[in-house]
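Protein chains in written order, with the working numbering: chain X, 1 to 502; chain B, 1 to 273.
Think of the hints as simulated: they come from the structure by calculation, not from any bench.
Keep in mind that this is a model prediction, so the values were computed, not measured.
Any given hint could be a false lead.
Cβ-Cβ distance ranges computed for the label pairs, FRET-style [to be verified]: (1) B:Ala107 <-> X:Gly120: 50 to 60 Å; (2) B:Val74 <-> X:Glu221: 22 to 32 Å; (3) B:Ser135 <-> X:Glu435: 38 to 48 Å.
The following residues of chain X were derived to be distant from chain B, with all beta-carbon distances above 12 Å [said to hold, decoys possible]: (4) Gly99; (5) Pro127; (6) Ile260; (7) Asp290; (8) Asp317; (9) Lys389; (10) Tyr399; (11) Lys479.
By construction, the Cβ of each residue, glycine as well, lies at the ideal position given by its N, Cα and C atoms.
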Amino acid sequence: MIPRMTMKALLLATAVAMTGLAAQAETLRVAMSSDPLSLDPIATSDNGSIWTQLLIFDTLIRPDRTGEGLEPGLAESWTVSEDGLTLTFKLRDAKFSDGTPVTAEDVQFSIARAASEASGWGRFYRPITGFQIMNDHEIVMTLAEPFTPAFNNLALFAAAILPKAQVEAKGEAFFEAPVGSGPFVLKAWNRGSKIELEKNPHYWQEGKPHVDAAVLEIVTEPSARVIKLEAGEVDIALDPPLNQLEALDAKDGISVGQTIPYRADFVQLNTTKKPFDDERVRQALNLAVDKEALVQGVLYGAGKPAASAMPVMAYADPDLTPYAYDPARAKELLAEAGYAGGFEAQLVVDSGAATSRNAAIALQAMLQQVGVKLKVQMLEGGTQWETTKAGNYEMSVSYTTSDTIDPDQIIGFVGVNPERANAYHTEWRSDRLNELYAAERKALDGPERGEMFQEMVQILHDGAPYIFLYHPASAWAVKDGVKGFEVLPTSNFRLEEVSIEN
Amino acid sequence: MVVLRNLLRSPAGALGLLMLALTASATALTPLLSPYDPFALDFADAMQAPSALHWFGTDNFGRDIFTRVMVGAVYDLRLALICVFGPMAIGVLIGLAAGYFGGRIDAALMRLTDVVWAFPFYVLVLAIVGVLGPSETNLYIAFFIVNWIGYARIVRGETLLIARLEFIEATRVLRYGRLQVMLRHILPNALTPALVYSMSDVVLTVQAVAAMSFFGLGVQPPAPEWGLLIVESIDFMREAPWMTIFPGLAIVWIGIAFSLLGEGLSTALKPKG
Numbered sequence: 001m002i003p004r005m006t007m008k009a010l011l012l013a014t015a016v017a018m019t020g021l022a023a024q025a026e027t028l029r030v031a032m033s034s035d036p037l038s039l040d041p042i043a044t045s046d047n048g049s050i051w052t053q054l055l056i057f058d059t060l061i062r063p064d065r066t067g068e069g070l071e072p073g074l075a076e077s078w079t080v081s082e083d084g085l086t087l088t089f090k091l092r093d094a095k096f097s098d099g100t101p102v103t104a105e106d107v108q109f110s111i112a113r114a115a116s117e118a119s120g121w122g123r124f125y126r127p128i129t130g131f132q133i134m135n136d137h138e139i140v141m142t143l144a145e146p147f148t149p150a151f152n153n154l155a156l157f158a159a160a161i162l163p164k165a166q167v168e169a170k171g172e173a174f175f176e177a178p179v180g181s182g183p184f185v186l187k188a189w190n191r192g193s194k195i196e197l198e199k200n201p202h203y204w205q206e207g208k209p210h211v212d213a214a215v216l217e218i219v220t221e222p223s224a225r226v227i228k229l230e231a232g233e234v235d236i237a238l239d240p241p242l243n244q245l246e247a248l249d250a251k252d253g254i255s256v257g258q259t260i261p262y263r264a265d266f267v268q269l270n271t272t273k274k275p276f277d278d279e280r281v282r283q284a285l286n287l288a289v290d291k292e293a294l295v296q297g298v299l300y301g302a303g304k305p306a307a308s309a310m311p312v313m314a315y316a317d318p319d320l321t322p323y324a325y326d327p328a329r330a331k332e333l334l335a336e337a338g339y340a341g342g343f344e345a346q347l348v349v350d351s352g353a354a355t356s357r358n359a360a361i362a363l364q365a366m367l368q369q370v371g372v373k374l375k376v377q378m379l380e381g382g383t384q385w386e387t388t389k390a391g392n393y394e395m396s397v398s399y400t401t402s403d404t405i406d407p408d409q410i411i412g413f414v415g416v417n418p419e420r421a422n423a424y425h426t427e428w429r430s431d432r433l434n435e436l437y438a439a440e441r442k443a444l445d446g447p448e449r450g451e452m453f454q455e456m457v458q459i460l461h462d463g464a465p466y467i468f469l470y471h472p473a474s475a476w477a478v479k480d481g482v483k484g485f486e487v488l489p490t491s492n493f494r495l496e497e498v499s500i501e502n
Numbered sequence: 001m002v003v004l005r006n007l008l009r010s011p012a013g014a015l016g017l018l019m020l021a022l023t024a025s026a027t028a029l030t031p032l033l034s035p036y037d038p039f040a041l042d043f044a045d046a047m048q049a050p051s052a053l054h055w056f057g058t059d060n061f062g063r064d065i066f067t068r069v070m071v072g073a074v075y076d077l078r079l080a081l082i083c084v085f086g087p088m089a090i091g092v093l094i095g096l097a098a099g100y101f102g103g104r105i106d107a108a109l110m111r112l113t114d115v116v117w118a119f120p121f122y123v124l125v126l127a128i129v130g131v132l133g134p135s136e137t138n139l140y141i142a143f144f145i146v147n148w149i150g151y152a153r154i155v156r157g158e159t160l161l162i163a164r165l166e167f168i169e170a171t172r173v174l175r176y177g178r179l180q181v182m183l184r185h186i187l188p189n190a191l192t193p194a195l196v197y198s199m200s201d202v203v204l205t206v207q208a209v210a211a212m213s214f215f216g217l218g219v220q221p222p223a224p225e226w227g228l229l230i231v232e233s234i235d236f237m238r239e240a241p242w243m244t245i246f247p248g249l250a251i252v253w254i255g256i257a258f259s260l261l262g263e264g265l266s267t268a269l270k271p272k273g
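Produce the entire structure from the sequences given, and follow the hints as far as they go.
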């Protein structure tokens, strides 16, 4: 039996239903490719972890949206002494998500922790040798000797400011339910499935985040992220397949954005193995690859050919051009090196990275033209990483992204040997580059330091321990009504800037 | 010859043979049928829909899919046939020995069979190829280790039955050599069910081989093996579904052909009367 409803009751019910709708929390849903490994900033270097941490934690300073400068984070102002040895930070009146204030003591604790032995990023912070707490809102850091990247390194996720008392009390368990001063608070984390975030009620930026909650859904298959967006199951799809961008943008209710972040893709060449120990062979390989065709055929136009393994960022030399596509010259160089008949080599590639996989197949066909026969071996991403790290490879399709706006991080990674990665496991070595690296880290920011970087990148270009491929665009697709979303040059994104309009 | 005549008389067997013959001749004639190089890139011609020029369309590198599917048949058939008939030879000999000698030999061989049998097929193959590294040779090794047990079991059972029959009793009286009895008199009779089983095994193995490439553990690019064609097409399934559909249909086609052939064989080999 259906009870008869009076008009009044009906109106009342409708009104209740409508207020219910209006009061419903606004949730921003994002489809992301990779699950974080950990939320401990000093223990991670994968993008899934970094992007999530940057939504939960704050740093003292941070790269601005253009990627060209640094802007205030938890520090509202700072001074760097003339000699670069003293850094003074004034903290703003910020609170952690549990309501406790962010103090200078938390800052000292967090930076010292980032410099500790347990930290994967220790060498970025160890040059900071002294801390002096002036008061709750002012801290002075001192360096024993000049180290120019020190200031910029404080804008890295690894230097996130954590609540000292809680981390000390909870230890590792803290990072399962972390408390930070960032725009969002972790509500739930189902590994491999989704990360639920809630607005931090105490966030220092007035009126932000615009949404009440955010969900990061882990969807590894690129096409599946797009399908979810089209079905209205998410509001933002990160990294849609580049070949679908045009068709996606043409769809009603969806728009697409892209930017070229600080990223470079290349093929690592193991210079401890023949014939990659010969510079002429390495240069020949670079000349044999048609980079324009790769940008068109593999990136569908969303990217630029690369002249080196350095992302195009601060101090980049605008006159440095990629190796020309010149198979005839490549053959000459191979003949000079004693490989007139070409050679066979094995190329490893991450089976899960569609773009790299396609690049490998294109490279195989291109190098065949100069007599180089590639055997492509698809490996799972983690296995590929272990294999190249152990030096058990000949060629490997890989890439690097910069998490900071200063090129020191990446030149140290791809060009310097000995260093942590020994020129990213190519074991290539240039004494002049090493010298410049040491000098650059002591030189003050300015044109002179810029020239050092340009010379280092030129040496890297000529020495060619990699086949330099391209700088691919990073794309995203959003539902209409989602405003303010973009991927920053440092590859992360700020969900606190995003609003949903209906 | 009698078997072949019987096979052609059964409609299923005849159709299966015809489908296989068609596949073999199309593959052999690919260079005449198609002007395209299965490996050369042509980005200007990428992701073209099926047309008179490209019967099955082109892939993301502008390679002609018809040419690639046809050349791919060589890989898939070679892999499937070696992965079935190699292990079959081993399995038949083991089953024959176990069934004929019985006793300790039987117990030992059957315990070995049980050990391999205890693992799910894919788990064991994946583990072996995972350890040895992905390549065609290692795929053979994995299948040779795993795939013989079905044949060993079938042939052992048949041998046990046949060994008790009168004509085998008679060979003892006639003092025939053991080897002669096993190979001349038991084997031909015990082989029939194994042969019929091998046809459905080929169907499963074509799928298994494609699946291994799909996991990145089988044939490596740029070989146009069908499983590899499918895995390479995944990102383009929405704009260029022909990249996935045609290699998929090729697997189905071969599967049907061998199933029909198996059906026909079982009729043709059935003892009369």
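Okay, the hints, checked on the actual structure:
1. B:Ala107 <-> X:Gly120: 50 to 60 Å: holds (56 Å)
2. B:Val74 <-> X:Glu221: 22 to 32 Å: holds (31 Å)
3. B:Ser135 <-> X:Glu435: 38 to 48 Å: Since B:Ser135 and X:Glu435 have Cβ atoms about 44 Å apart, the given range 38 to 48 Å holds.
4. Gly99: Label holds. Min Cβ-Cβ 47 Å, cutoff 12 Å.
5. Pro127: Given a closest Cβ separation of 43 Å, the condition holds.
6. Ile260: holds (21 Å)
7. Asp290: violated (9 Å)
8. Asp317: Label holds. Min Cβ-Cβ 29 Å, cutoff 12 Å.
9. Lys389: holds (17 Å)
10. Tyr399: holds (18 Å)
11. Lys479: holds (18 Å)
Checked against the numbered hints given earlier, this structure breaks only hint 7.
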